[in-house]
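**Q** When you get a sec, could you build the whole thing from the sequences and use the hints?
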Amino acid sequence: MTAGAVEARSRHAAANTGATAVLDSRGSITASLQTGWDALDLDSTTVSITTVRVAHWSTVSHVVRRCSAGANLLLDGRRALWRERLMRASGPSAWVEAFRTARRDCELPRRRDRRAFLSLMLSRAGGIPSMIRLYHLLDGGADRAFLRRSILRRVRTPQQLRLVRNAFGSSSDSALIQQVLARAGEGRGKLRALRRLSRMFPRDFDLLLQLLEALEAQHDLAGARRLADRLRADPMIDAGIRTAIGEMFLRMDDEPEARRVFSEIVEFAPDDALARRRLGDLYRAHGWFQEAYRQYETLAKIQPDDPSVLLLLAQAAAGAGRLDEALSLEQRVAQTAEPGAAEGLARTALLWSSVHFALLRKAAKEAHDDDRLRALDSRMRRAGVLRESGDLRVSLVWSHPDAGLSLWASYPGLRLSRPDDIDPEMGIEAFNVEEQEDGRYGIEVRRPPGRHLTTVEAKLVMVWKEGTPEERIEIRPLRFEGTTRAYAFALTREGVSEAPLSRAVTATRANRGGVQ
Numbered sequence: 003m004t005a006g007a008v009e010a011r012s013r014h015a016a017a018n019t020g021a022t023a024v025l026d027s028r029g030s031i032t033a034s035l036q037t038g039w040d041a042l043d044l045d046s047t048t049v050s051i052t053t054v055r056v057a058h059w060s061t062v063s064h065v066v067r068r069c070s071a072g073a074n075l076l077l078d079g080r081r082a083l084w085r086e087r088l089m090r091a092s093g094p095s096a097w098v099e100a101f102r103t104a105r106r107d108c109e110l111p112r113r114r115d116r117r118a119f120l121s122l123m124l125s126r127a128g129g130i131p132s133m134i135r136l137y138h139l140l141d142g143g144a145d146r147a148f149l150r151r152s153i154l155r156r157v158r159t160p161q162q163l164r165l166v167r168n169a170f171g172s173s174s175d176s177a178l179i180q181q182v183l184a185r186a187g188e189g190r191g192k193l194r195a196l197r198r199l200s201r202m203f204p205r206d207f208d209l210l211l212q213l214l215e216a217l218e219a220q221h222d223l224a225g226a227r228r229l230a231d232r233l234r235a236d237p238m239i240d241a242g243i244r245t246a247i248g249e250m251f252l253r254m255d256d257e258p259e260a261r262r263v264f265s266e267i268v269e270f271a272p273d274d275a276l277a278r279r280r281l282g283d284l285y286r287a288h289g290w291f292q293e294a295y296r297q298y299e300t301l302a303k304i305q306p307d308d309p310s311v312l313l314l315l316a317q318a319a320a321g322a323g324r325l326d327e328a329l330s331l332e333q334r335v336a337q338t339a340e341p342g343a344a345e346g347l348a349r350t351a352l353l354w355s356s357v358h359f360a361l362l363r364k365a366a367k368e369a370h371d372d373d374r375l376r377a378l379d380s381r382m383r384r385a386g387v388l389r390e391s392g393d394l395r396v397s398l399v400w401s402h403p404d405a406g407l408s409l410w411a412s413y414p415g416l417r418l419s420r421p422d423d424i425d426p427e428m429g430i431e432a433f434n435v436e437e438q439e440d441g442r443y444g445i446e447v448r449r450p451p452g453r454h455l456t457t458v459e460a461k462l463v464m465v466w467k468e469g470t471p472e473e474r475i476e477i478r479p480l481r482f483e484g485t486t487r488a489y490a491f492a493l494t495r496e497g498v499s500e501a502p503l504s505r506a507v508t509a510t511r512a513n514r515g516g517v518q
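Start counting the sequence shown at 3; every next residue gets the next number (the numbering used here).
If you're looking for bench data, these hints aren't it; they were derived computationally from the structure.
All of these numbers come straight from a predicted model, not from anything done at the bench.
In this text, a Cβ means the ideal position worked out from N, Cα and C, and glycines have one as well.
A portion of the hints provided could be inaccurate.
Unchecked claim - The calculated label-pair distances, taken between Cβ atoms and stated as ranges, are:
#, residue 1, residue 2, range
1, E299, D208, 28 to 36 Å
2, E476, L178, 45 to 53 Å
3, E459, A96, 29 to 37 Å
**A** Put into structure tokens, the structure is as follows:
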């Protein structure tokens, strides 16, 4: 009996399937357990050896066994075989065992083969938590590094990013951080505290972002650039951090570097639809409409059946001054709904068309171009916009992906509340009144509290009696910068005027020490 045995798999061309031999401790064949070993030539046989425990303690013997039949298949054939095995396996532990078995059976001779198997495992895992479990179960530095990069590319939400950071990075003590920063105050003291904390918690990206902001605030631009370069080199930073870095360079009047940072959002994930969408939105928010249009064109190739991309193309075209093209694209989306039942994305397309028609009609009225007005009236009716119109429509529109703006409205004598038409993904919210009452309607546009260094621009488009001879159009540009957190207006039949902020906003302002 033996304390251990060694199995070896032979890929000798002349060896029969399943042939097994026992070798003595010097490596010589001593017995054939199955037929087919008469002509075995060990000098011309490729043998791989793995150790297998057996329950005994006297002598050591060795077993030679050939590679699996799947080892001779092309990669596509092996991929189908692995997929079938993974479907039969249950859970990350079983998938990792299937990977180890394939590696032992000579089915993963190259790095490309291992990565193909690992990609199948990730697809089988589905969610980020299961992917992280796979990462922890797997051995081998190169394979784990590939899994780590692949998991990072699949992160889509802040919740997923937190899971990944907890798995791959070090955790930080948020209570300690808040306590230290509260004692440090502002200015140079806060900067020194942030530097100490960032050395204690080098993987806390929110802390590093605060340090970047503090360096900029103290005009240490060289230090801010060095930290920005360090962050950009880290694969775990998200698109939001790259956005903040790029906009810091814009505030430094370094537009070329800002564009390079923005482009990094898609550089390592060119087929990532969310990354491509964010980049297009950033270009549009900063007035680079032609570049935004090209990003949305690429997005349309990635998601050819997604009608929302047509709306994004429409907004980029409108920003570039091609409002007729924008209206045509929006009409295509609006026509996806059943006649007389505009909802969802089709409703959003009609709301955007209403905004663009308002811009065109206002320009035509100011130019006293009656022919243009008649043509726009006809086109509005064909587009179906007038079917959805009433006595008053207030639309809030914006472009920046991190704007976080919200529209609040109230009927006369009632409290402010959120309107029915809300589509922040498409950068539009609207308050519609079919029959306007006497009295004052309240309108408020809010930006949530927080550290907002980026300036966000928006428009409030107000249309009374849309498409009628009594139509009146008012457009108010809004700019959120510094401590600005909200705008308030009062609307009546006669027009619009500025109004005091609501108690909800002023209470928040008081609680935060005077910041709106």
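**Q** Hint by hint, say whether it matches the structure.
**A** Cross-check of the supplied hints:
1. E299 x D208: 28 to 36 Å: Taking Cβ atoms as reference, E299 and D208 lie about 34 Å apart, which means the hint holds.
2. E476 x L178: 45 to 53 Å: Given range 45 to 53 Å: holds, Cβ gap about 51 Å.
3. E459 x A96: 29 to 37 Å: Between E459 and A96, where Cβ atoms are some 53 Å apart, the hint is violated.
Violated hints amount to a single one, hint 3; each of the other numbered hints is respected by the structure.
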